[in-house]
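Number of protein chains: 2
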Amino acid sequence: MGPGPSLVAPSVYAALARPTIGHLDPEFVRMMEEVKVMLRAVFQTTNPLTFPISGTGSAGMEFCCANLIEPGDEVIIGVNGVFGTRMVDVAERCGAKVTRVDAPWGQIIEPAQIREALTRVPRPKFIAIVHAETSTGALTPPVEIARLAREAGALFVLDAVTSLGGCPVEIDAWGVDAVYSGTQKCLSCPPGLSPVSLSPRALEVAARRQTKVQSWYLDVNLLSSYWGQERVYHHTAPINMNYALHEALRGVLIEGLEARFRRHEQCHQALRAGLAELGLEIVSQAGHQLWQLNAVGVPAGLDEAALRKRLLTEFGIEVGAGLGPLKGRIIRVGLMGETARPEHVARFLAALRVCLGHA
Amino acid sequence: MGPGPSLVAPSVYAALARPTIGHLDPEFVRMMEEVKVMLRAVFQTTNPLTFPISGTGSAGMEFCCANLIEPGDEVIIGVNGVFGTRMVDVAERCGAKVTRVDAPWGQIIEPAQIREALTRVPRPKFIAIVHAETSTGALTPPVEIARLAREAGALFVLDAVTSLGGCPVEIDAWGVDAVYSGTQKCLSCPPGLSPVSLSPRALEVAARRQTKVQSWYLDVNLLSSYWGQERVYHHTAPINMNYALHEALRGVLIEGLEARFRRHEQCHQALRAGLAELGLEIVSQAGHQLWQLNAVGVPAGLDEAALRKRLLTEFGIEVGAGLGPLKGRIIRVGLMGETARPEHVARFLAALRVCLGHA
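Residue numbers (the numbering used here), protein chains in the order written: chain A, 646 to 1004; chain B, 646 to 1004.
Just so you know, the hints here were simulated from the structure itself, not pulled from any lab data. Everything numeric in this text was worked out from a predicted model, so none of it was measured. Any given hint could turn out to be false.
Repeated chains share a single entry, so a pair holds when one copy, or any two copies, can fit it.
To be verified - Cut-off 30 Å, straight-line C-alpha distance, at most; resulting in silico cross-link-like pairs (DSSO-like, lysine-lysine):
no.	residue 1	residue 2
1	Lys954	Lys972
2	Lys742	Lys857
3	Lys857	Lys681
4	Lys681	Lys954
5	Lys857	Lys972
Starting from the given sequences, assemble the full structure and let the hints guide the process.
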């Protein structure tokens, strides 16, 4: 019940342990196609270039930055937690001049802030936000910001690491040009791959670069030949992780996106109600709280590290610590994918009740 | 029996499917320590910074280049196959001025060639070679080239993707400063991680950089805080792949490096003898042929693509195609890790006999 990895279904473990075959084997190539089709359904996109990067979510972030940024490009990045902060660092390493749009940790990035930044940087290469800030539990609405990007002739980049599979993520309807996610959050697959999708517009930007992409490993112009029709050998894909992702995506689609989102929402509401009975609350911005990651305020005077340790050792429940300015002030309770079940919420609340001396 | 992924032991599959726990969980941290200790034993090094990169072998190559190269640095790279060619591309993307030392595919890089290159580029940042060229089956002896690097004040970088676990790789004795490998070759683990090791000298070069490492994901200065004593969160490690690597390394060390190398050598010799009976031979440079990857010359007039297809569909045996100038002229027969067993050699030879009409 931490900020990920989340619980994994037995069928996904079984898939993970299937015999390893070659990365150019016709059977594996067939499976790659199915992974692409299922990822498109989960991302709600028709983007042909939708596939998993052979690295974790942070590699997906670097994939988007490295392919879209050329040295000297201006970009606007919303920063309201660890992952926005990280994206600034990644983008700068790719040679970007970054304009930060900051919000207090736990709050969302407001469209008005982006509009203001655009008065200073009217033609950025892209505008990026973190959809679901795993470090704070805030869910920034992307639609209006995507519209501002489009009007400015900029690409719109979305970090969907923690949102994908747990709440609506609609790449085409929202006008997202580049998105990356991770397997170990609401897709409930072990960590190791980063599903990404680029719009034809973003792909064109990557194809028309004046300079080579600084990362060979993440160069979309090479990767698209391996994941596309040509099947040109690039690197050896993590075969078994792809089996697991295939099975996890199958589970998501069999359940249905709407039903899955409702399950996450209901678990969040059950948690919130139980916390209220204990006099606790979720501290991220009201009206914009994530279902899948709950920033629970720790009462003054309570040692949160001791609380987390007791939950882990005595009750077998992992929760996350606060980070940055929220360190010591919150615990992060994940309700992602398979973890988002009423029985887990109940078990957590019962354990918390004991730890707080309410039992 | 292709160029990797190789066969995987049942115990490694079982480890892969163990329950996913958190990347900062004390149990996982304990396992990370054991992975580091076992990797040091397999690399035959005392380098503290020895750990698996969360990507495949190509990410390990990029890790070495990105951390050691600053824009404008001169490097010397031996090119005698696909992976030397790739390293030139990766190094150039990191901003290096690359001096290529070319040998025909299938041949080794000779120390005299490196010596000649040093007359033109007397103070390179590093000299790099591919120890075992998976694309050609040639094993370049590294000791003399390492000595030349040391004398020139350069670092020595070794691609040990296909050599590690299948033939001697002695990082400390040879004076290797940076080495990367892959899990899916002679370690017989599924693909997805890249074991690396940096000498204190290489680490110092990375720490004293004037510029930030261009890749955030692969920045050793950040990674060493996660894999070191501080355990600072960097990215979510591929938990289950680390379980698998842990179990695969345990298997290597229980067998013993010497016994494992002998097993690879004996299988190679059995293959070579069987091929000779069929009038076939291994075409890479005599005296420098890899045990674990055998470049078998295809008789003129034989359709090698049809041969590979028949081996796969009729006999369930995967072998690799030739690449670049060797395309159509060789098949690549892998005898790596668990695949290097006499029964596999016999089964392959029997199938080949049928395919060639000798049966």
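Checked hints:
no.: 1; hint: Lys954 x Lys972; result: within (15 Å within a copy, 58 Å between copies)
no.: 2; hint: Lys742 x Lys857; result: both (18 Å within a copy, 15 Å between copies)
no.: 3; hint: Lys857 x Lys681; result: within (26 Å within a copy, 35 Å between copies)
no.: 4; hint: Lys681 x Lys954; result: between (40 Å within a copy, 26 Å between copies)
no.: 5; hint: Lys857 x Lys972; result: between (40 Å within a copy, 27 Å between copies)
Comparing the model with each earlier hint shows no violations; every hint is respected.
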